[in-house]
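From first to last, the protein sequence lines are chains A and B.
Just so we're aligned: 1 in numbering that gives the first Met the number 0 is position 2 of the first sequence, and the numbers increase by one with no gaps anywhere.
Just so we're aligned: 198 in numbering that gives the first Met the number 0 is position 199 of the second sequence, and the numbers increase by one with no gaps anywhere.
Rather than coming from a laboratory, the hints here were simulated on the basis of the structure.
Built from N, CA and C at the ideal position, the CB exists for glycine as well.
Treat each hint with caution, since some may be false.
Claimed, not checked - Rough simulated footprint, nothing fancy, chain B against chain A, three-plus residues with beta-carbon under 8 angstroms:
(1) 22 to 31
(2) 63 to 75
(3) 137 to 144
(4) 275 to 286
To be verified - Simulated pairs of lysine to any residue, SDA-like, Cα-Cα distance not exceeding 25 angstroms:
(5) 74(A) <-> 44(A)
(6) 129(A) <-> 45(A)
(7) 293(A) <-> 96(B)
(8) 250(A) <-> 235(B)
(9) 93(A) <-> 240(A)
(10) 85(B) <-> 9(B)
(11) 191(A) <-> 25(B)
(12) 263(B) <-> 138(A)
(13) 131(A) <-> 96(B)
(14) 25(B) <-> 293(A)
(15) 122(B) <-> 214(A)
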Amino acid sequence: MAKNKKLNKAAQDVSAVRRSKHSTLLTVIFSIISLIWIYPLIVVTLNSFKKKAFIFKNPFGISRFPLTEGFDKWKKGIDQVFFGVRNYVNAWNKTGFPKAFCFSLFITVGSVIAIIICTSMAAWYIVRVKNKFTTLFYILCLFSMVVPFQMVMFTLSKFANILHLGNPLGIIVVYLGFGAGLAVFMFTGFVKSISLEIEEAAMIDGCTPVQTFFKVVLPIMKPTVMTVTILEAMWVWNDYLLPALVLNINKYKTIPIAVQYLKQSHGNIDWGAMMAVLVMAIVPIVIFYAFAQKYIIEGVLAGAVKG
Amino acid sequence: MLPTSIAFVIGFIIPFFYGIFLSFCKFTTVADWKWVGFKNYGRIFVVNGKLDTTFLHSLWYTSLFTVVTVVIINLAAFGIAMVLTKGIRGTNIFRTAFFLPNLIGGIVLSYIWMMIFNAVLAKHHMTITTSQWSAFWSLVIVVCWQQIGYMMVIYIAGIQNISPDLIEAAKIDGADGKQLLKYVTVPMLAPTITICTFLTLTNGFKLFDQNLALTGGNPNHLSELLALNIYDTMYGTTGWQGVGQAKAVIFFILVGLISVIQNKISRSREVA
């Protein structure tokens with residue numbers, strides 16, 4: 000019996016060792032894959048500090064000469080390739096990056112706030128006041144989630160023009176309208192699960208409907224608010240076509256538009272400036288990701304399951 | 000409620016229904032339309048009595064692109080998710096790294112890869128747009144790089160939702176790794192697989208930014224996916240807006256069909 004136990008334990012030990020060896024191997028393999036995965040970002044960052052000519056001559060190295068020709072020569076080669084921050088200065092001037100960043104930030108924050116407040120209220124209203132109009136509105140919202148942007152792009156941009164919505168403030172209305180479908184859908188799903196009694200209790204304690212909404216309903220909806228915020232922010236921040244068609248392009252360029260115009264306005268791409276502007280476009284995203292990773296992944300999950 | 004309704008009417012209701020109406024008209028702005036019936040729809044396929052295959056080519060190209068990306072993205076995402084749920088060291092860092100490209104927008108993403116592709120292809124005296132196939136695979140790589148992380152996150156959540164008891168039971172019954180995967184993991188993941196398949200399906204079908212920035216439809220419109228084809232028709236030449244709008248209606252019907260099928264499949268699963 001005792002022998003048997005010993006044997007059993009030995010077998011377990013062996014399998015544990017095997018498993019840990021297996022998992023160390025996997026860790027190594029995945030470290031390599033992960034590095035390859037983000038390698039393009041590293042290359043872009045390195046290239047943004049190189050002289051234009053060397054970006055294509057030697058895209059993946061940082062020196063003009065290979066290391067095999069001797070360390071000193073290699074080191075000298077780095078100096079010849081290195082361009083300092085001049086690509087950044089160039090890109091900064093050519094694209095008006097600070098302005099583009101501000102427009103992007105303003106439009107994203109504004110749209111998300113508008114979407115959160117307006118659609119959460121609308122969803123609450125749809126669930127609590129059931130009539131023909133709200134039902135129809137809800138069905139149309141669901142329907143709008145299926146419609147691709149190309150279907151409405153022409154008419155939408157022309158109407159936005161007529162209504163003078165071609166500025167950062169006006170485009171928020173457009174985003175609220177076109178982004179409403181998903182948000183309303185997600186909020187209604189949640190409001191349905193809130194028990195009426197809590198709201199009734201608030202009403203009895205003397206809350207007006209508006210107070211009830213902001214003090215009771217909205218705090219309960221916090222998880223959904225986070226989800227909708229993440230989903231809509233990712234969409235608006237990276238959106239290219241809608242702002243390109245709706246906004247007055249000469250005056251207001253968001254980051255994606257500024258990047259795209261760096262190519263169009265000069266025919267040939269200034270790859271030095273392009274590398275720099277790409278890095279500048281990626282850095283805010285990486286910083287945001289570092290702080291909000293948990294919420295982003297939760298948001299993506301909730302959005303995927305319900306969408 | 001009221002502001003949402005107004006914005007919704009401006010941002011969706013009017014453009015959508017007016018868009019359908021305009022697909023039956025000849026127009027250059029929203030005000031000066033002339034009813035032409037189904038002429039626009041005809042001009043998608045036949046121009047001046049000659050068969051025009053641009054749209055059909057684009058439809059075929061898009062379908063092929065979608066199928067290829069759906070298969071690659073889902074297999075890769077599933078594979079990575081399987082490994083990352085085994086509790087190996089560094090799981091969180093790997094997950095972070097794989098998900099990162101997803102947050103970067105299509106335009107920025109495309110230029111990152113354009114630099115890399117051009118640098119690599121230059122050695123073979125090619126560019127991305129040398130042929131429709133170099134353009135095709137460039138697009139596939141970029142889109143896979145972007146979406147694998149996203150789908151991976153969804154698969155990880157799905158795998159973690161499978162009850163450990165079930166796997167334990169199967170192991171006691173003597174199932175080996177392959178059988179476990181085939182008879183337990185994959186069937187239990189069916190809802191997740193459905194979600195990811197349709198997400199990648201619609202993403203592939205609706206792809207625009209990457210197409211515009213990376214290939215611009217070159218060479219000679221051959222690498223145009225549907226969305227870019229519609230955009231080009233609408234804004235490329237005057238007098239063709241109606242045709243563009245008609246194409247958009249067809250595009251909408253196709254995307255709508257995919258969604259209806261998805262809905263049917265997930266519904267039938269809920270009942271079962």
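Hints and how they fare:
1. Residue count for the segment 22 to 31 of chain A with a Cβ under 8 angstroms from a Cβ of chain B: 6. That meets the three needed, and the coverage hint holds.
2. Coverage of the segment 63 to 75 of chain A by chain B is violated in this model, with 0 residues showing a Cβ closer than 8 angstroms to a Cβ of that chain against a need of three.
3. For the segment 137 to 144 of chain A, the assignment as covered by chain B holds, since 3 residues bring a beta-carbon within under 8 angstroms of that chain's beta-carbons and 3 suffice.
4. Restraint check on the segment 275 to 286 of chain A versus chain B: 5 residues with Cβ-Cβ distances below 8 angstroms, three needed, restraint holds.
5. For the suggested pair residue 74(A) and residue 44(A), the alpha carbons sit about 19 angstroms apart, so the restraint of at most 25 angstroms is met.
6. In summary, the hint linking residue 129(A) to residue 45(A) is not supported, as the alpha carbons are separated by about 58 angstroms, beyond the 25 angstroms threshold.
7. Distance hint between residue 293(A) and residue 96(B) is fulfilled; the C-alpha atoms sit about 14 angstroms from each other, no more than 25 angstroms.
8. Distance restraint check for residue 250(A) and residue 235(B): the Cα-Cα separation of roughly 23 angstroms lies within the 25 angstroms cut-off, and the hinted pair is therefore satisfied.
9. At roughly 21 angstroms between alpha-carbon atoms, residue 93(A) and residue 240(A) fall within 25 angstroms of each other, so this suggested pair holds.
10. Restraint check for residue 85(B) and residue 9(B): not satisfied, since their Cα atoms lie roughly 49 angstroms apart, outside the 25 angstroms limit.
11. Among the hinted pairs, residue 191(A) with residue 25(B) is inconsistent with the structure: their alpha-carbon atoms are about 46 angstroms apart, more than 25 angstroms.
12. At most 25 angstroms may separate the alpha-carbon atoms for a hinted pair to count; residue 263(B) and residue 138(A) meet this at roughly 17 angstroms.
13. In summary, the hint linking residue 131(A) to residue 96(B) is not supported, as the alpha carbons are separated by about 48 angstroms, beyond the 25 angstroms threshold.
14. Proposed proximity of residue 25(B) and residue 293(A) is contradicted: the alpha carbons are some 50 angstroms apart, above 25 angstroms.
15. Between residue 122(B) and residue 214(A) the alpha-carbon distance is near 64 angstroms, which puts this suggested pair outside the 25 angstroms criterion.
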